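Engineer: For reference, the chains in residue letters:
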Amino acid sequence: MGNPLPRWPELRELTRHRTLAFLRQPEAVFWVFAFPMVLAAVLGFAFQGGERAPSVVGMLAGDPAWRAALEADELIEVEVYATREEADQRLRGGHVDLLALGDGERPDLRLDPVRAEAELARLRVLVAIGELAPLEIEKVEEKGSRYVDFLFPGLLGMNLMGTGLWAIGFAVADMRQRKVLKRLLVTPMRRASFLASFMLSRLLFLFGEVVLLTAFGVWVLDIPLRANLLVFGALCTLGAVGFAGLGLLAASRVKTIEGVSGMLNLVMMPMWLGSGVFFTYERFPEVIQPVLRALPLTALNDALRATMLDGAGFGGILPELTVLVIWTVLPFVVALKIFRWA
Amino acid sequence: MTQLALKATGLVKRFGDLVAVNGLDLEVRAGTCLALLGPNGAGKTTAIEMIEGLQRPDEGTIEVLGRTWKSDANGIRERIGVQLQETRLQEKVTARETLTLFASFYDETRDLDEVLEMVGMTEKKDARVENLSGGQHQRLTLACALVSDPDLLFLDEPTTGLDPQARRRVWEIVETFKSGGGSVLLTTHYMEEAERLADEVVIVDAGKMIARGTPASVIGDLHADSIVELFPKEGGLDRLTDAALLALPGVTEVRREGATYTLVVDDTQASVASLLTHLNEVGVELHSLQTHAPTLEDVFVALTGKHLRDG
Ligand SMILES: Nc1ncnc2c1ncn2[C@@H]1O[C@H](COP(=O)(O)OP(=O)(O)OP(=O)(O)O)[C@@H](O)[C@H]1O
Ligand SMILES: [Mg+2]
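Chains as they are written, first to last, in my numbering: chain L, 1 to 342; chain X, 1001 to 1311.
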């Protein structure tokens, strides 16, 4: 199988080759570096809230006793309809959260109790007409508890997964399809140098990727970075290398770009959904949660959140690190075994 | 005893029921060029890739530059240069960057600019691969094969798909390499290529050798003075028979293909004279009549009844 150690001049040239090929593809650079920032910014600002959105309450024309109270409440926006048909139709379409009907002392409420917005509107109506006394509340304003604080580490994790898998998987399949892999085989190049060059170029990009994204998050979105930077850096590196190994495995036998695309989507799809990027995986049924927690992206996301938001050290993320190490070693070893060179 | 750059005996390669290479023996003497000549699917690529160590032969032995793949694979790789049938190099890097990469694999290499000069790519050295023409790309892959200053060069259909001018440039590069003492194993289905570059040709069909020797001797084995092709006018073809044509003096072989008759003759003057007389007697008018000196293509057709290239 040849010498298992990479050789420097060829490792350097192979890495340079990879890096140049990547940097000279503006689309690739955009998807790796700019897109996650745009996504984080858009989603972050969209869900930042700031103002509390009012509940929309529909009613029929008329002047029942409770109308003034509703209209006076700044958390309630009243829509008046001419007919009951129209009102029902607006409710069905979700344009209003509930209908307040009747002309008695208190309104009769018509709503879908399963919808959270409808329940919220009901409570606000009750408060407005004096049926429910508001309690004293203390507003949470601490950094790290907004939706964007939850989202950002997930996006970082997702980006590490995407670029790791694609950068390796795509490049290998492309080289195989172009017969470049075969051409390299008839040179004295060490296979170890070839594989190491993928890891090395991945680490080079990783550095830029993580620094850029994190800086953007911290400065623009005001995300806390409470962890020791060493712990945070090591975690990102482990995640990147792990996904690089998985990318290598995905591409170890496929012959075409199409083949590897399908394979990578198959690998990534469950993790996009189930690894807690956009919403917590704790909403999934109890029985599948151990499975979700064993996915590499779940482990990476949980660990990123723990380090960034809670300032956890190595000790606090041991289970996640264990999962990541297993996902780093296993695919790499299997990939080396089954890799199709020619 | 002459030195052998390459010796392969009894090569066999099967893909399921298909026997792609069926008992091939090949020898390349140091400093010479051997051409494997054969039609599509003859097994040329399979044979050359077994010798390059890319495919494992089912049977047979291979010795390259006095070594075997088992005993010294890296020793072989250091000293051979390979151009595969179809490699499409990374598009985003330049010609010179590509060459630098390939050079980094070898212990000893030639000067890169010298290699670029040799393949006529000096002006294009900073152009990205994606902007190279087919001929330039082919010369760049040749440069990658030459960068280590190899003793033995493998070329799998180096000029397929190139226009005549680009083809001639590739030939000149190979000739330069040979004049420096290098050995070459070449596959092709262009007989002009084999005739120009090869000291020896091996004609293969369906994985088997069907003729071997110098181009001149293989052509000589046809015992033909020339090849005569006649294109009769409408209706004329029916008045000609194989037997009648074969009975003419000097005609050794007769073949009818579509609207054409091809005769192999060993005495051009006598044959053509009597052929014209015969055509007059049976009342056949001609569109045209052509004679040419026999080529490897004619040898191939005579041996297999097929053409080297489709058609
Ligand atoms: N990996 C493979 N699996 C199955 N059959 C194969 C494989 N490689 C080659 N063959 C078959 O073996 C035969 C010889 O193929 P080969 O590529 O060696 O021909 P060739 O002489 O190089 O043809 P061409 O002039 O078209 O390049 C063909 O019939 C081909 O279809
Ligand atoms: Mg071929």
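By construction, these hints were calculated from the structure, which means they are not laboratory data.
There may be inaccurate statements among the hints.
Partner residues aside, some chain L positions facing chain X, computed with beta carbon under 10 angstroms [as the list claims (entries may be wrong)]: (1) 7; (2) 21; (3) 25; (4) 145; (5) 183; (6) 188; (7) 336; (8) 339; (9) 340.
All values reported here derive from a predicted model rather than from experimental measurement.
Using N, Cα and C, we set each Cβ at its ideal position, and we do this for glycine too.
Engineer: Hint by hint, say whether it matches the structure.
Structural biologist: Going through the hints against the structure:
1. 7: holds (9 angstroms)
2. 21: holds (4 angstroms)
3. 25: Since the shortest Cβ distance to chain X is 6 angstroms, the answer is holds.
4. 145: violated (45 angstroms)
5. 183: holds (5 angstroms)
6. 188: holds (4 angstroms)
7. 336: violated (19 angstroms)
8. 339: violated (15 angstroms)
9. 340: Violated, about 12 angstroms.
Going down the numbered hints, you'll see the structure goes against 4, 7, 8, 9, while the others check out.
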